[in-house]
Structure formats: structure tokens, C-alpha cells
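Asker: Chains as they are written, first to last, in my numbering: chain A, 114 to 327; chain B, 3 to 118.
Derived from the structure by calculation, the hints contain no laboratory data.
A few of these clues could be false.
As the list claims (entries may be wrong) - Covered stretches of chain A (in silico footprint by chain B; criterion: 3 or more residues with CB under 8 angstroms from a CB of chain B, positions within the stretch not fixed): (1) 177-187; (2) 259-273; (3) 283-292.
Unchecked claim - With a straight-line cut-off of 20 angstroms between C-alpha atoms, the simulated SDA-like cross-links for lysine to any residue are: (4) B:K70 with B:T17; (5) A:K161 with A:V297; (6) A:K303 with A:T142; (7) A:K215 with B:D89; (8) A:K215 with B:T17; (9) B:K116 with A:T142; (10) B:K70 with A:N217; (11) B:K29 with B:P54.
As the list claims (entries may be wrong) - Which chain A residues face chain B? A few, computed with CB under 8 angstroms, are given here: (12) V165; (13) P166; (14) R170; (15) Y171; (16) I172; (17) P174.
Note that beta-carbon positions come from the ideal geometry of N, C-alpha and C, so glycine has one too.
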Amino acid sequence: MLELRGEPLAEVRPPVPKYLQEKYIVRFTDGWPATMGHVSGKTFEIDKTNQVPYVRRYILPTGAVTGDYRDVDLSNGTGAFQESLYPESNSSLFEISLGWKKGNYVIHVYIPADRHLHSLEYTGMYPLVTSATLRYLGARRPDDSPYNDHRMFFYAVKDLEPLILRHFVLPGVAWEKAIMGIMVNKCHLKLLTNPTAEELRKAKVIQYHEELRW
Amino acid sequence: MPVLRFTALAVGAPTVVALERLDSKIKPTFILVDNSLGAADRIITLRDSLLPDRSNLVAIPVLTPVDKFTATWVITGCASIQDELKDIEILGDLQCFANVVDPNCIITIGYDFKED
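Required output: the full structure, derived from the provided sequences and hints.
Answerer: Structure, rendered in C-alpha cells:
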């Protein structure tokens, strides 16, 4: 459901498309809750795609002095921090890739709003922007997913909890402009009621975010 | 690379050299000031006029001027500056003003938009 793809160690020929394509197969694990029963445990073929690029920017003061930050909520709605990038249809999967222009800031990922995704196991080892050290724990730098080479991928379906990207400006500058490039790969899903073993083997497995925590 | 030529205006109504582009920062690449016919020495400033976004602590942000570069061009002088501008990034609008209005002080500014 959230992937940070590293820089490839080798080139593959012919090249593999970066985004889901028509005729690709995706399988949602059984870990998806009943509230998203339209996808939980099901396998789909993608029969249509449409790529929608978008850009957002956030000019923010350094958070080192005030502890200030900006939560960017990708879910739908009219809230001040909501970007409304989620699907509204049961038969849509939005593959959303994100990349940032260089700058003096980090990004923390939360889903749902109050739960960080990248923590360790020892007590207190979770991201915390108000801490001079823990603000770097689990933090993504713009270089991790560059604006012109998106490597952070996120898979959204209808009714998914809000994904929050907390933008925090590091010490050393008074102001920073975080520029986030977005590509929404809209995928129309066609249910495969009896997928073959071959289809299941080829399918891209999409996990629920709780499966990334243990 | 865009270039704008204009006469020196004062701080109260600065020249807007370039409006902000949401997908980019602005990089001034050179400033040429021709003060050879000016009435006196002129102090020229490049300003970053930025409107912050709403953040978790500030619900209603206000337009904020941040002066990024100031230099004096002596009377009868005509000179350009390039290297000293290479590390300047403008987050909002790029503005320029002089210490006083002077229609005989001619300013030319080049700028570009950062792609990475």
C-alpha cells in the first residue's frame, strides 16, 4: 500500500513500466478490513488507466524554532489540509506516486492521521518532529523520491483512511518551499471471480497498511 | 531565460520582476544596473515576497517580505552582478526596488525557474 522503491542496481531490458498498465492484475490481501469489502481478498484485472499529474507547494517556516509543520492529507474532503486525491468509486484503484524537489525539509508518513508508519520496536523510537533527533527517524528526504523520478508509491481505494504526509522544515533556513509532484494513475478494476494460478502468480499484491506494522 | 528591464522604483511600490510559479523556485541569474545618468548612488534590493501556506500552527498566514540581496551602485556607474546571485532562491514573487525612485537608473534582471 505504500512503497519506497530504491534506486535500481541494474537496468532491465526491455524496461519495466513504472506504473500499473492495462491488463495487469492486482490482488488485495485478506488483511484489508470489511469496511473495504469491495477489494478485500479480491483479485482484479486493470482494464483502463488514465494518468493525471498534479503539483502542490507548501511554503513553511522552519519548524526547529516553533515546532510548526504542515500535514498534507491525501484523502477527500473540504478540510484545510485535504488534497482530495482518493477514488470515489468502488471499481477504482488510484496508484499515486509522489516526488519532491530538493530542499531543506523532511516528510513523515502517517496513516491514519495519528499513526506513524515508520517506527522501530524499542519504546519511544517513533518519528517526532518536535524532537531534535527523532525528527530524522523514519523521515523521507526529497532525494529519496525525486521530483523527476518518483519512487514513493501509494495505493488508494474508496473509503481508505487518510494518508498524512507531515512536511517539516529543518533548521538552517527561515523559510522553505516544499514542492510535491504527484502522479495519479487512475486504474479501472474488473473483478476476476475465479483467478487462475497463473494470474495469482503474476498479480501485484497490495497490502493493507496494518500489514506493514508488526 | 526571461529578462526584464525597468527603471528604479522605491520600496513602497517595487517592481514585480516575476510572479511565483507553484511548481518552482525562481533563481535570479544576473542584475545589471545602469546608473550612469542617475542622480545619486542607488541602493538596489531584491526581495522575496512570499505567501506561506496554512500550517498546523498558523491558520491565516500573511504575505511576508524577505530581502535576499542588497548592493549599492555608485553614480555614473554601470555594472552587472552574476556570481553573487547563484545561491539565491526566491520562493514567492521576485521583486526589486531602489532606495528612491529614479527614472534615470535602469535595471535589468535575468531569472530562471529551478527544475530540480
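Asker: Taking the earlier hints as the rules, which of them does this structure contradict?
Answerer: Of the numbered hints, 8, 9, 12, 13 do not hold.
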